[in-house]
Structure formats: C-alpha cells, structure tokens
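Novice: Got chain A sorted already, so can you dock chain B with the ligand onto it with the hints?
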Amino acid sequence: MKGQMSEDITYIDRFLEGDEKGFEMLVMKYHNRALNIVYSLIGRDSESEDIVQEAFCRVYNGLKSFKRSASFATWFYRIVVNMTYDFLRKRRRSVVNDNVIENAVSDTPGPDDLLIIKERERIINKALAAVPLRFRTALVLKDVEGLSYRKIAEVLKCRIGTVESKIYRARQFLRKEVGNVRGFIHE
Amino acid sequence: MLEDLFMNKCGKIKRMFSRYADGEASDSEKALIIEHIKNCDECSRELAGIVRVKDLVVSKRKLAVNENLILSRIHYEIELRFDEANKFSLEKMENLSHRFIPVPIAMFVVSLFLLFFVSTGKVRSDFPLIDDIFSGVPASNETALGLVLGIED
Ligand SMILES: [Zn+2]
Numbered sequence: 293m294k295g296q297m298s299e300d301i302t303y304i305d306r307f308l309e310g311d312e313k314g315f316e317m318l319v320m321k322y323h324n325r326a327l328n329i330v331y332s333l334i335g336r337d338s339e340s341e342d343i344v345q346e347a348f349c350r351v352y353n354g355l356k357s358f359k360r361s362a363s364f365a366t367w368f369y370r371i372v373v374n375m376t377y378d379f380l381r382k383r384r385r386s387v388v389n390d391n392v393i394e395n396a397v398s399d400t401p402g403p404d405d406l407l408i409i410k411e412r413e414r415i416i417n418k419a420l421a422a423v424p425l426r427f428r429t430a431l432v433l434k435d436v437e438g439l440s441y442r443k444i445a446e447v448l449k450c451r452i453g454t455v456e457s458k459i460y461r462a463r464q465f466l467r468k469e470v471g472n473v474r475g476f477i478h479e
Numbered sequence: 015m016l017e018d019l020f021m022n023k024c025g026k027i028k029r030m031f032s033r034y035a036d037g038e039a040s041d042s043e044k045a046l047i048i049e050h051i052k053n054c055d056e057c058s059r060e061l062a063g064i065v066r067v068k069d070l071v072v073s074k075r076k077l078a079v080n081e082n083l084i085l086s087r088i089h090y091e092i093e094l095r096f097d098e099a100n101k102f103s104l105e106k107m108e109n110l111s112h113r114f115i116p117v118p119i120a121m122f123v124v125s126l127f128l129l130f131f132v133s134t135g136k137v138r139s140d141f142p143l144i145d146d147i148f149s150g151v152p153a154s155n156e157t158a159l160g161l162v163l164g165i166e167d
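Chains as they are written, first to last, in this note's numbering: chain A, 293 to 479; chain B, 15 to 167.
Please note: incorrect hints may appear among the correct ones.
Stated by the list, open to error - Listed below are the simulated DSSO-like cross-link pairs for lysine-lysine, each with C-alpha atoms no more than 30 Å apart in a straight line: (1) B/28 / A/468; (2) A/449 / A/410; (3) B/26 / B/44; (4) A/443 / B/101; (5) B/23 / B/68; (6) A/443 / B/74; (7) B/74 / B/28; (8) B/26 / A/449; (9) B/101 / A/313; (10) B/52 / A/418; (11) A/449 / B/44; (12) A/468 / B/74; (13) B/101 / A/468; (14) A/382 / B/74; (15) A/359 / A/321; (16) B/68 / B/28; (17) A/410 / B/76; (18) B/44 / B/23; (19) A/443 / B/44; (20) B/68 / A/449; (21) B/52 / A/468; (22) A/410 / B/68; (23) B/76 / A/449; (24) B/28 / A/449; (25) B/52 / B/28; (26) B/101 / B/76; (27) A/382 / A/410; (28) B/52 / B/76; (29) A/321 / A/418; (30) B/68 / A/321; (31) A/321 / A/356; (32) A/443 / B/68; (33) A/418 / B/101; (34) B/76 / A/443; (35) A/321 / B/76; (36) A/410 / B/74; (37) B/52 / B/23.
Think of the hints as simulated: they come from the structure by calculation, not from any bench.
Next up, chain A with everything else stripped away, as it sits in the complex (with noise of 0.2 Å):
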C-alpha cells in the first residue's frame, strides 16, 4: 500500500507540474476500479460510467488542493462513494422504484455461458440492492475493491469496529436474499 501511495504522489506531483500524464496514469489506474464499486452500489452500468466521470472531472480541478496527509486512494473512493449518494437521492426523488437493477455485461463469452453468466449477476445484482445502502457500501469496498478494515474506515470516516459490524449485517442481509433464489446457494 506504502508503495502505492508514493506511486500516486509521483503521478499527483506530474500533473501539478503542469505534465497531463500524471492525471491520465491516475485515471487508468483507477477508472476500472471506480467504476466497479459504482456499479455494485447502484446496479446501472452507463450511469456508473457517468459517476466516474464526473468523480475524475472534479479530481482533475482538486488535486491542487488535495492534501497528502490521507492517500489519493482514500480521497479519491471518499468522493466517488459520495458522488453516487448524491446521485441516488437524485433517482429517489424522480423514480419511484429505486430497486431496479439491470444487467450489465462488460465483454462477450461463448454464447453457451452468456445466459447463467447473465442469470447469476442478475441474482448477485438484485440482492445486494436488497441490502440497505448504509451496510453495501462498506461490503462493496470490502469485497469488490477488496480494501482492508482499516481503508474502509478512512473512506467511510467511521471506527474500525462499525466497519465490520456494516458488513457483517450486510451478508446477512445478502445470505437471506439469495437463500431465498432456489439452488443458487446450498445451505
């Protein structure tokens, strides 16, 4: 992690030195990543895609006033988790179903495998929109992004403690949903 971070201060400092490649090493660095925690938390691909973009538009106009005593990592989800808050109190005030998940399928497998690949996101998807969004936030940084307690605690501004309490309250959540999808899970 250590290393990481001075990886991206180097990128940080380029792009404040005026070189443009800092700020696109950041983008591809993260971008996949950004986008695969948006699309956990709110089920829609094209408007993840949205949120991430508009996360590296306000990251290209504040890394002047990013302060380094947190990672850029930290920074940077803290902004995009936030993001799609404001984007899905957005969806709760103009649509009335809010639990709507779609599919979303990145690149194309043999057509024998596309329906239980597509059948399974779509139990995976729907399920973890059943879990609230204050216990999927921190299992989706947990089990998507794969960041440790410690990280999810910066991001999220919480203890240590709540941060598993969240995802643990969240798999419960998520056992109880997709025990209740016959023969997908054998308990």
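Specialist: Only chain B with the ligand this time, still in chain A's reference frame:
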C-alpha cells in the same frame, strides 16, 4: 445456565465471522472460532453461509472499459466543463453590463426631462434667480445682489 453461557459465546463468536472471512482476524481469534465451530453446528452453518456470500460478491463479474476510451471520454468531459465555465463567466459579465448600463441611461433621460420642462416654464420656482438660470437668461447684477443680501424685489 450452561446453555445460556454457550449462547452468549455463540453471539461473541458470530460477531467475529466477517473478520475471519475477510482475513482480518488475529491468530488467537481464528483458533477460538475453529475450536468453537467444531462443537457448534449452528455457528458452523452460519460461518459457511457468510463465506459463501463473500465468495459470491468477490466473484461478481468486473466491468472493464478500454483505457483509450476512458481517457478520451474524460478529456472530453473536462474540456466541456472548461468551455461551460468560460461561457458562464462571459454570461456573468453580460449580466453585469445589463445591470449597469441602464443606470447612466436613466440619468440621461431624467436630465433631459428636467431641462425640457424647466425651459418650457412648466416648472417654476419662486426665486427669480433660479428661473433665470434655468431659462438661460443671464441674471442681472441687481438680482444677484438681492440674492446675496436676502432682498426680494
Ligand atoms: Zn455457536
């Protein structure tokens, strides 16, 4: 009593399951969990369930966008915002001019209005000197002296 104690222990152990599944449990916690689930079917089932849902989310298909596509899109968005910001500041300048240009125009119109009505005699003061000044007729020396000394004709 013994059952209560065991239930209480189950509660404590269950709270450590996520930590265990995420590889964040200490060695002593791991040993405690492993020892407990050997003798407790309920906790054993619960732990298995937690590990399964974790694996499920971890195995979720990852979206991946082509790097060049990402960069071109983000650069486009940044430029778009830059243009919008510029347009916005220009618009602000225009708004400012809309707000400030009417003031001198209004002052000009009022001056014209005053000049017109005073010169046509519609507005007359009781004071001859003022009338003379507004009508453009040069004030006589007597009138000016009378003004200074406070003598009316
Ligand atoms: Zn037990």
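Novice: Does each hint fit the structure? Answer for all of them.
Specialist: These are the hints, each one checked on the structure:
As the CA atoms of residue 28 of chain B and residue 468 of chain A are separated by approximately 16 Å, the hinted pair is consistent with the 30 Å bound. A C-alpha spacing of about 35 Å is found between residue 449 of chain A and residue 410 of chain A, which places the hinted pair above 30 Å, so the restraint is violated. A hinted pair counts as satisfied when its Cα atoms are at most 30 Å apart, and residue 26 of chain B with residue 44 of chain B qualifies at roughly 13 Å. This hinted pair does not check out: residue 443 of chain A and residue 101 of chain B have alpha carbons roughly 40 Å apart, beyond 30 Å.
This hinted pair checks out: residue 23 of chain B and residue 68 of chain B have alpha carbons roughly 24 Å apart, not beyond 30 Å. At roughly 21 Å between alpha-carbon atoms, residue 443 of chain A and residue 74 of chain B fall within 30 Å of each other, so this suggested pair holds. Distance hint between residue 74 of chain B and residue 28 of chain B is fulfilled; the C-alpha atoms sit about 25 Å from each other, no more than 30 Å. Between residue 26 of chain B and residue 449 of chain A the CA atoms are separated by roughly 25 Å; this keeps the pair inside 30 Å, and the hint holds.
The hinted pair formed by residue 101 of chain B and residue 313 of chain A meets the criterion: a straight-line CA distance of about 27 Å does not exceed 30 Å. Annotation: proposed proximity of residue 52 of chain B to residue 418 of chain A is violated, straight-line Cα distance about 34 Å (limit 30 Å). A C-alpha spacing of about 27 Å is found between residue 449 of chain A and residue 44 of chain B, which places the hinted pair at or below 30 Å, so the restraint holds. Pair hint residue 468 of chain A plus residue 74 of chain B holds up; C-alpha atoms about 18 Å apart against a cutoff of 30 Å.
A hinted pair counts as satisfied when its Cα atoms are at most 30 Å apart, and residue 101 of chain B with residue 468 of chain A does not qualify at roughly 52 Å. The suggested pairing of residue 382 of chain A with residue 74 of chain B holds, with an alpha-carbon distance near 27 Å, which does not exceed 30 Å. For the hint linking residue 359 of chain A to residue 321 of chain A, the alpha-carbon distance of about 20 Å falls within 30 Å, and the restraint holds. Note on residue 68 of chain B and residue 28 of chain B: the hinted pairing holds, with a Cα-Cα distance of about 15 Å set against a maximum of 30 Å.
As the CA atoms of residue 410 of chain A and residue 76 of chain B are separated by approximately 13 Å, the hinted pair is consistent with the 30 Å bound. Taking the CA atoms of residue 44 of chain B and residue 23 of chain B, the gap is near 15 Å; set against the 30 Å cutoff, the hint holds. For the proposed pair residue 443 of chain A and residue 44 of chain B, the alpha carbon gap of about 22 Å is at most 30 Å, so the pair holds. Among the hinted pairs, residue 68 of chain B with residue 449 of chain A is consistent with the structure: their alpha-carbon atoms are about 23 Å apart, no more than 30 Å.
A threshold of 30 Å between alpha carbons decides the hint, and for residue 52 of chain B with residue 468 of chain A the separation of about 24 Å falls inside it, so the pair holds. Between the alpha carbons of residue 410 of chain A and residue 68 of chain B the distance comes to roughly 19 Å, so the proposed pair stays at or under 30 Å and holds. With a CA separation close to 26 Å, the supplied pair residue 76 of chain B and residue 449 of chain A stays within the 30 Å bound. Note on residue 28 of chain B and residue 449 of chain A: the hinted pairing holds, with a Cα-Cα distance of about 25 Å set against a maximum of 30 Å.
Under the criterion of a C-alpha separation no larger than 30 Å, the hint pairing residue 52 of chain B with residue 28 of chain B is consistent with the structure, at around 14 Å. For a cut-off of 30 Å, the pair hint linking residue 101 of chain B to residue 76 of chain B is broken: about 39 Å separates their Cα positions. Simply put, residue 382 of chain A and residue 410 of chain A have alpha-carbon atoms about 28 Å apart, close enough for the 30 Å limit, and the pair holds. About 36 Å separates the Cα atoms of residue 52 of chain B and residue 76 of chain B, which puts this hinted pair outside 30 Å; it is violated.
Distance check on the hinted pair: residue 321 of chain A and residue 418 of chain A sit about 28 Å apart at the alpha-carbon level, within 30 Å; holds. Distance restraint check for residue 68 of chain B and residue 321 of chain A: the Cα-Cα separation of roughly 25 Å lies within the 30 Å cut-off, and the hinted pair is therefore satisfied. Straight-line distance between C-alpha atoms of residue 321 of chain A and residue 356 of chain A comes to about 19 Å, which keeps the hinted pair within the 30 Å bound. For a cut-off of 30 Å, the pair hint linking residue 443 of chain A to residue 68 of chain B stands: about 18 Å separates their Cα positions.
Under the criterion of a C-alpha separation no larger than 30 Å, the hint pairing residue 418 of chain A with residue 101 of chain B is inconsistent with the structure, at around 43 Å. Simply put, residue 76 of chain B and residue 443 of chain A have alpha-carbon atoms about 21 Å apart, close enough for the 30 Å limit, and the pair holds. Using a Cα cut-off of 30 Å, the hinted pair residue 321 of chain A and residue 76 of chain B holds, with the two alpha carbons roughly 15 Å apart. A threshold of 30 Å between alpha carbons decides the hint, and for residue 410 of chain A with residue 74 of chain B the separation of about 11 Å falls inside it, so the pair holds.
The straight-line distance between the Cα atoms of residue 52 of chain B and residue 23 of chain B is roughly 14 Å, inside the 30 Å bound, and the hint therefore holds.
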